[in-house]
Amino acid sequence: MTDVSALPLAPKNPLSIRQLLRAVRNLDAGQEVLRDAGGTVTRIQFGPKWLAPPVVAVFSPSGIRDVLGRNDAAAERCVVHEEVQHLGGDSLFVLRNEPWLPRKRALQPVFTKPNVRNFGGHMSRAAQALCESWPDSGEVDLDVDCRRVTMRSLGRSVLGLDLNDREDVIAEHMHVASAYTADRALRPVRAPRWLPTPARARARAAVVALRSVTADMLQACRADPTLDAPLVHALLAATDPETGRSIADDDIINDLLIFMLAGHDTTATALTYALWVLGHHPDVQDRVAAEVREIGDREITPDDVSRLGYTVQVLHEALRLCPPAAGVGRMAVSDFAVDGYRVQAGTLVLVGIYAVHRDPDAWPNPLEFDPDRFSPEVAKARDRWQFIPFAGGSRSCIGEHFARLETTLALATIIRAMEIKSVDDDFPVEVPFTTVAKGPIRAEVTTRK
Numbered sequence: 000m001t002d003v004s005a006l007p008l009a010p011k012n013p014l015s016i017r018q019l020l021r022a023v024r025n026l027d028a029g030q031e032v033l034r035d036a037g038g039t040v041t042r043i044q045f046g047p048k049w050l051a052p053p054v055v056a057v058f059s060p061s062g063i064r065d066v067l068g069r070n071d072a073a074a075e076r077c078v079v080h081e082e083v084q085h086l087g088g089d090s091l092f093v094l095r096n097e098p099w100l101p102r103k104r105a106l107q108p109v110f111t112k113p114n115v116r117n118f119g120g121h122m123s124r125a126a127q128a129l130c131e132s133w134p135d136s137g138e139v140d141l142d143v144d145c146r147r148v149t150m151r152s153l154g155r156s157v158l159g160l161d162l163n164d165r166e167d168v169i170a171e172h173m174h175v176a177s178a179y180t181a182d183r184a185l186r187p188v189r190a191p192r193w194l195p196t197p198a199r200a201r202a203r204a205a206v207v208a209l210r211s212v213t214a215d216m217l218q219a220c221r222a223d224p225t226l227d228a229p230l231v232h233a234l235l236a237a238t239d240p241e242t243g244r245s246i247a248d249d250d251i252i253n254d255l256l257i258f259m260l261a262g263h264d265t266t267a268t269a270l271t272y273a274l275w276v277l278g279h280h281p282d283v284q285d286r287v288a289a290e291v292r293e294i295g296d297r298e299i300t301p302d303d304v305s306r307l308g309y310t311v312q313v314l315h316e317a318l319r320l321c322p323p324a325a326g327v328g329r330m331a332v333s334d335f336a337v338d339g340y341r342v343q344a345g346t347l348v349l350v351g352i353y354a355v356h357r358d359p360d361a362w363p364n365p366l367e368f369d370p371d372r373f374s375p376e377v378a379k380a381r382d383r384w385q386f387i388p389f390a391g392g393s394r395s396c397i398g399e400h401f402a403r404l405e406t407t408l409a410l411a412t413i414i415r416a417m418e419i420k421s422v423d424d425d426f427p428v429e430v431p432f433t434t435v436a437k438g439p440i441r442a443e444v445t446t447r448k
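In terms of numbering that gives the first Met the number 0, the sequence shown opens at residue 0 and continues consecutively.
Treat the hints with care, as some may be off.
Unchecked claim - Quick list of in silico lysine to any residue cross-link-like pairs, SDA-like style, CA-CA up to 25 Å:
no.: 1; residue 1: K112; residue 2: K448
no.: 2; residue 1: K48; residue 2: S15
no.: 3; residue 1: K103; residue 2: C77
no.: 4; residue 1: K420; residue 2: K379
no.: 5; residue 1: K103; residue 2: T242
no.: 6; residue 1: K112; residue 2: P281
no.: 7; residue 1: K379; residue 2: G392
no.: 8; residue 1: K420; residue 2: G438
no.: 9; residue 1: K420; residue 2: T111
no.: 10; residue 1: K379; residue 2: T111
no.: 11; residue 1: K11; residue 2: R76
no.: 12; residue 1: K112; residue 2: A233
no.: 13; residue 1: K437; residue 2: T111
no.: 14; residue 1: K48; residue 2: L8
no.: 15; residue 1: K437; residue 2: A178
no.: 16; residue 1: K448; residue 2: G308
no.: 17; residue 1: K448; residue 2: V283
Think of the hints as simulated: they come from the structure by calculation, not from any bench.
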């Protein structure tokens, strides 16, 4: 056991206040600026504690393990989760540790690998429809099209709805809500929530519209148990195995809303980046196409994923270079140790997923796209906390299996049908809440013969 009180505080980051503010608000590349200046565990203070809590940024696998791998109550959800909760209500994502546990027990069986196969197979059909809408040869915007495919798949998987012409409107509502919460969370000093602002009004209106969609589907499933909405029915049937309590309707609506918010941008960006990077590596792309074509011309199903080993390696390397969440945060409620340093109660702890995924000490030639990093023999020797695209520990992303399955099926379906050649050398992103492509992401597509 370590005497935490005897440990030193993390070294203070030497950057100026202006440089620190710019780095913290730049949730992806800003992490490398902080790490290069202050080390893999670095302390940031924007002013007195009563004005803004101290921040400790953590970028090493061992430090990340100390934060996310904890099973005690030393760390709670942080300001990001508070903002989401204030806007969208209680959900698995935002609940504090004590009320979170029974909700997690009820929901966990819904998202096991066997169960997500029941509602995770819509992506192949959505991706095939996309390929059929593309020209035999011409230019497309991967960002727009991958967002559309993901929304269409999520609509069927999460809500059992064919969103059709509503998908763009719903996606815009989700963007407004996530951008608002992220903007507030990243401000060292925030206006009080009771103060009316145009941005808050737009965000609340967006959430009301989204909740209306999920509430209507929930009531429809209650009225007709035969409706094809397996995730909604699974949530209705879910109970806490210890207490036997089911999930209240309002909580199901909130969870469905969060699944849509969290699942859309993350899956769309992962797919967009994977296609874009393959568009710059035709040899890797051809290898994926050859692997998928061994399955045949039929629809690719969840049962086929075990035959798509190299395709999964490509997806993992895409997730390493462009993680769906650049970082996650925790609030220390008591002092605890991180990589040999003391983190004080009241400190906001930022876990830098983007930085650890691109750390040259952990990854040789970290900016190079190399799916062989994830071959079974190489991956076996890797530190568990070195690759965490869906965070880690007990509060990691509950939809990880679903997201991996959806993206794998879409990637395999598209590359089997189409040859991708990326037009632009860069993949610009913005990080309002999760990582999203800052489109257009242009590519030349050609039907494979």
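Hint by hint, here is what the structure shows:
Among the hinted pairs, K112 with K448 is inconsistent with the structure: their alpha-carbon atoms are about 34 Å apart, more than 25 Å. For the hint linking K48 to S15, the alpha-carbon distance of about 18 Å falls within 25 Å, and the restraint holds. For the suggested pair K103 and C77, the alpha carbons sit about 18 Å apart, so the restraint of at most 25 Å is met. A hinted pair counts as satisfied when its Cα atoms are at most 25 Å apart, and K420 with K379 does not qualify at roughly 32 Å.
A hinted pair counts as satisfied when its Cα atoms are at most 25 Å apart, and K103 with T242 qualifies at roughly 13 Å. A hinted pair counts as satisfied when its Cα atoms are at most 25 Å apart, and K112 with P281 does not qualify at roughly 31 Å. Of the supplied pair hints, the one linking K379 and G392 holds, its CA atoms being roughly 19 Å apart against a limit of 25 Å. Taking the CA atoms of K420 and G438, the gap is near 16 Å; set against the 25 Å cutoff, the hint holds.
This hinted pair does not check out: K420 and T111 have alpha carbons roughly 36 Å apart, beyond 25 Å. A threshold of 25 Å between alpha carbons decides the hint, and for K379 with T111 the separation of about 22 Å falls inside it, so the pair holds. For the hint pairing K11 with R76, the CA-to-CA distance comes to about 23 Å; that is within 25 Å, so the pair holds. Under the criterion of a C-alpha separation no larger than 25 Å, the hint pairing K112 with A233 is consistent with the structure, at around 14 Å.
Taking the CA atoms of K437 and T111, the gap is about 32 Å. The hint is violated against a cut of 25 Å. Using a Cα cut-off of 25 Å, the hinted pair K48 and L8 holds, with the two alpha carbons roughly 15 Å apart. Restraint check for K437 and A178: satisfied, since their Cα atoms lie roughly 13 Å apart, inside the 25 Å limit. With a C-alpha separation of about 23 Å, the suggested pairing of K448 with G308 holds against the 25 Å cut-off.
Restraint check for K448 and V283: the C-alpha separation of about 18 Å stays at or below 25 Å, so the hint holds.
In the structure shown, a violation is registered for the earlier hints numbered 1, 4, 6, 9, 13, in ascending order.
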